[in-house]
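**Student:** So you can see what is in the structure, the chains are spelled out below.
Number of protein chains: 2
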Amino acid sequence: MKNNLFENIPEKLPEELFETLLASGDIKIERIVSHGHTTTEGEWYDQSLDEWVLLLSGSAVLEFDGGKESVSLKPGDYILLPAGLRHRVARTESGADSVWLAIHFNHSA
Amino acid sequence: MKNNLFENIPEKLPEELFETLLASGDIKIERIVSHGHTTTEGEWYDQSLDEWVLLLSGSAVLEFDGGKESVSLKPGDYILLPAGLRHRVARTESGADSVWLAIHFNHSA
Chain P
1 MKNNLFENIP EKLPEELFET LLASGDIKIE RIVSHGHTTT EGEWYDQSLD EWVLLLSGSA
61 VLEFDGGKES VSLKPGDYIL LPAGLRHRVA RTESGADSVW LAIHFNHSA
Chain V
1 MKNNLFENIP EKLPEELFET LLASGDIKIE RIVSHGHTTT EGEWYDQSLD EWVLLLSGSA
61 VLEFDGGKES VSLKPGDYIL LPAGLRHRVA RTESGADSVW LAIHFNHSA
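Going down the list, the sequences are from chains P and V.
Note that the first sequence covers residues 1 to 109 in my numbering.
Note that the second sequence covers residues 1 to 109 in my numbering.
For reference, chain P alone in the conformation it holds in the complex:
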């Protein structure tokens, strides 16, 4: 019935790990585990849904298109990424798992 966000993480993570924890109607709750991964240079996430994202462990830097200032994240930090806000993960900690909780939703629902 319960699960834990810090468990069932493979020891090796050649790729970032994306897992849908819940998908219902217009909402999707996702766990992401990064381990030094970043978004490919020059690529941007450009999403049609709003995303509320929380960093639970590790550390990360988010970068935004168009000269907006980058945001450094530590555990407990959360940020709203509105649909259409072009962003990329510029850094995640290389010596630890960065565990994210991402909530995707349709703000016009």
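Rather than coming from a laboratory, the hints here were simulated on the basis of the structure.
Wrong hints could be hidden among the right ones.
Claimed, not checked - What the simulated footprint calls covered on chain P by chain V, stretch by stretch (three residues with Cβ under 8 Å from a Cβ of chain V suffice, anywhere in the stretch; the number is not a length):
(1) 3 to 10
(2) 77 to 84
To be verified - Here chain V is said to cover these stretches of chain P; the calculated rule only asks that three of the stretch's residues, wherever they fall, bring their Cβ under 8 Å from a Cβ of chain V:
(3) 20 to 29
(4) 36 to 50
Stated by the list, open to error - Residues from chain P that face chain V, not an exhaustive set, calculated with beta carbons under 8 Å:
(5) L54
(6) V71
(7) L73
(8) H107
Note that CB positions come from ideal geometry on N, CA and C, so glycine has one too.
Guided by the hints, dock chain V onto chain P, whose structure is given.
**Tutor:** Just chain V, lined up with the frame of chain P:
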């Protein structure tokens, strides 16, 4: 732009602290901070929305109506509480803040 779930917690918490971090359409994201608080004996939450709840610090025990087994939660544990599942918080840690993230949503959206 960013905020932190573990910051801006009053030193004294005579009552549980409920804060809406985001409300949009059919979804509400809430921070709850408990410090030894429990649901009044004999009272049950009986909600019309589904709730996905994550414990981020401290510890807690959820109890369910109708003889279902109680669930102990530690940091990182999450659980889905479907609409209509009568539940109460039977225990939260008295010596630390138990920080919860609760996501309320309408599963029929």
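**Student:** Taking the earlier hints as the rules, which of them does this structure contradict?
**Tutor:** 4
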